[in-house]
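J.: So the protein sequences, as listed, match chains V and Y. Numbering-wise, our numbering puts 94 at position 94 of the first sequence, and it's gapless, one number per residue. Numbering-wise, our numbering puts 378 at position 20 of the second sequence, and it's gapless, one number per residue.
Think of the hints as simulated: they come from the structure by calculation, not from any bench. One should not assume that every hint holds.
In silico negatives: residues of chain Y with every beta carbon more than 10 Å from chain V [what the hints assert, rightly or not]:
hint, residue
1, Leu368
2, Asp402
3, Glu406
4, Pro407
5, Ser433
6, Ile442
The calculated lysine to any residue pairs, modelled on SDA-like cross-linking and capped at a C-alpha distance of 25 Å, are [claimed, not checked]:
hint, chain 1, residue 1, chain 2, residue 2
7, V, Lys88, Y, Asp394
8, V, Lys12, Y, Thr428
9, V, Lys276, Y, Ala387
10, V, Lys88, Y, Leu379
11, V, Lys88, Y, Gly399
12, V, Lys88, Y, His414
13, V, Lys88, Y, Ala383
14, V, Lys135, Y, Pro373
15, V, Lys12, Y, Leu426
16, V, Lys27, Y, Asn416
17, V, Lys135, V, Thr120
18, V, Lys88, Y, Pro373
19, V, Lys12, Y, Glu388
20, V, Lys276, V, His254
21, V, Lys3, Y, Asp394
22, V, Lys88, V, Glu45
23, V, Lys88, Y, Asp420
24, V, Lys12, Y, Ser366
25, V, Lys12, Y, Glu395
26, V, Lys135, V, His213
27, V, Lys276, V, Asp228
28, V, Lys88, Y, Arg378
29, V, Lys186, Y, Thr367
30, V, Lys25, Y, Glu388
31, V, Lys12, Y, Arg423
32, V, Lys12, Y, Ala387
33, V, Lys27, Y, Glu388
34, V, Lys88, Y, Pro365
35, V, Lys12, Y, Ala440
According to the in silico footprint, chain Y covers these stretches of chain V (three or more CB under 8 Å from chain Y) [as the list claims (entries may be wrong)]:
hint, stretch
36, 54-68
37, 331-341
Quick reminder that beta carbons are idealized off the backbone N, C-alpha and C, glycines included.
Below, each chain spelled out in residue letters.
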Amino acid sequence: MAKMLLLVGTRKGCFILEGSGDRGKWKLRGPFCEGWPVFHAVYDESSGSIFAAAASEWHGSAVWRSDDLGETWEHSSEGIGYPDGELKLSKVSNVAVAHGRLLVGAEAAGLFESRDGGRTFSLLTTLDGLPGRDKWNNPDSQPPGHLGLSAILPHPTDSERLWVIVQGHSTFETTDGGATWSPRNKGLRADWPLENPEVGYCVHKLVLSPTDHERMYQQNHVGMHRSDDAGQSWVEITDGLPTEFGFAAAVHPHDRDTFYVIPLDPGHTRCMLDGKAAVWRTRDAGETWQRLDSGLPQHDAYVGVLREGMAIDSLDTPGLYFGTSTGQVFASADEGDSWSAIASYLPGITSVEVAVVE
Amino acid sequence: MPEIYLPSTLPPLFPGLERRLEIDAGTVAEAIERLDELWPGLGDRLCEPGHGLRRHINVYVDRERAALDTPVHESSRVDVIAAISGG
């Protein structure tokens, strides 16, 4: 019988919320990964393994792997590092699995790959020679907690094609497996001076429609945006939302026009507005937006959600999940129409991913 | 043989690793190399490849702050300390 697996990365390890097939009951397991800060954890459908990108202040970065849904774990950092160059690796910040390889993003910005299921790794690229490359690894110009190469989005069917985000600078795309890369920011807005209009955009989250591989959405530091040509160009779809700022985003698995975001206060708090929690949904590709808050706390809820903090499952009526900076996990089994808390006292949450497992 | 004392955060990462060991080595670096041979990957948990001891890993030989090239003697005690605290 199918069950739900919610992987929750937190400041103090990885947790697993295991749910019944109807998403009505949830059981918490963890913490795993010895309590290391986990920046992102994913489930690999092809192998059945869980991978978690983690970085200990004491013992450095590693990718943790569980081949038995969290019962036992191993870690490896063999090949993860910059031993010969000017770069220093502070953390592995995200993972992605596609087309038989595990990809790992790191700070300083670099992309590593593993072709043996996370046992050994090799450096794929540090994006040398691209516009902005001489600046984006400079610690003096980075915010605290910088993630470097902060996200990886593999193309669902083309193994040679993927997008990466360098935090605060750009989305880059490769169509040749990582040999060459191009910025993909045309049409984006920047509220700051740009030395080179090709780069300098603060892309927080990038998602691709599973039903239309030309349709992408992005939550940017300044605005929500949509692309109908797989990131070649972007149009802004912020109108109707309470703020232009947020981190997390999710795209409907069966409808290319439905997309979810969690607007946040763009100031120092980076929390949901006025202490009232809400997810916002568009069903028409950003023409109009609906506030979804049924079952979410509507007073004194000063919570944030980070860029990997929201996920959507692939069931016929998709379920949504988000984890907060203050350790709550909220779930909806009806496409966001109603919500309930399924965990309330976890460490600060950095990532939420969901899988349906047999 | 030199005695090595490891932080409590390491044994959970490597099955069979004890906090106190005797390792035949002439320097701190050699001691870490021996440990890495016995528990592959342990070296990475103490040193950043190409950059020496990790920022918050401190090593003491006979109660004196040490570096990777610090000599270790037959009767030395080597303490490896995870140096920061936090919340």
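J.: State for each hint whether it applies.
T.: Now for the hints, and whether the structure bears them out:
no.: 1; hint: Leu368; verdict: violated (7 Å)
no.: 2; hint: Asp402; verdict: violated (5 Å)
no.: 3; hint: Glu406; verdict: violated (6 Å)
no.: 4; hint: Pro407; verdict: violated (4 Å)
no.: 5; hint: Ser433; verdict: holds (28 Å)
no.: 6; hint: Ile442; verdict: violated (6 Å)
no.: 7; hint: V:Lys88 - Y:Asp394; verdict: holds (21 Å)
no.: 8; hint: V:Lys12 - Y:Thr428; verdict: violated (34 Å)
no.: 9; hint: V:Lys276 - Y:Ala387; verdict: violated (54 Å)
no.: 10; hint: V:Lys88 - Y:Leu379; verdict: violated (31 Å)
no.: 11; hint: V:Lys88 - Y:Gly399; verdict: holds (18 Å)
no.: 12; hint: V:Lys88 - Y:His414; verdict: holds (15 Å)
no.: 13; hint: V:Lys88 - Y:Ala383; verdict: violated (28 Å)
no.: 14; hint: V:Lys135 - Y:Pro373; verdict: violated (42 Å)
no.: 15; hint: V:Lys12 - Y:Leu426; verdict: violated (30 Å)
no.: 16; hint: V:Lys27 - Y:Asn416; verdict: violated (40 Å)
no.: 17; hint: V:Lys135 - V:Thr120; verdict: violated (29 Å)
no.: 18; hint: V:Lys88 - Y:Pro373; verdict: violated (29 Å)
no.: 19; hint: V:Lys12 - Y:Glu388; verdict: violated (32 Å)
no.: 20; hint: V:Lys276 - V:His254; verdict: violated (29 Å)
no.: 21; hint: V:Lys3 - Y:Asp394; verdict: violated (40 Å)
no.: 22; hint: V:Lys88 - V:Glu45; verdict: violated (32 Å)
no.: 23; hint: V:Lys88 - Y:Asp420; verdict: violated (31 Å)
no.: 24; hint: V:Lys12 - Y:Ser366; verdict: holds (17 Å)
no.: 25; hint: V:Lys12 - Y:Glu395; verdict: violated (29 Å)
no.: 26; hint: V:Lys135 - V:His213; verdict: violated (32 Å)
no.: 27; hint: V:Lys276 - V:Asp228; verdict: violated (32 Å)
no.: 28; hint: V:Lys88 - Y:Arg378; verdict: violated (31 Å)
no.: 29; hint: V:Lys186 - Y:Thr367; verdict: violated (47 Å)
no.: 30; hint: V:Lys25 - Y:Glu388; verdict: violated (53 Å)
no.: 31; hint: V:Lys12 - Y:Arg423; verdict: violated (30 Å)
no.: 32; hint: V:Lys12 - Y:Ala387; verdict: violated (30 Å)
no.: 33; hint: V:Lys27 - Y:Glu388; verdict: violated (46 Å)
no.: 34; hint: V:Lys88 - Y:Pro365; verdict: holds (24 Å)
no.: 35; hint: V:Lys12 - Y:Ala440; verdict: holds (17 Å)
no.: 36; hint: 54-68; verdict: holds (count 6)
no.: 37; hint: 331-341; verdict: violated (count 0)
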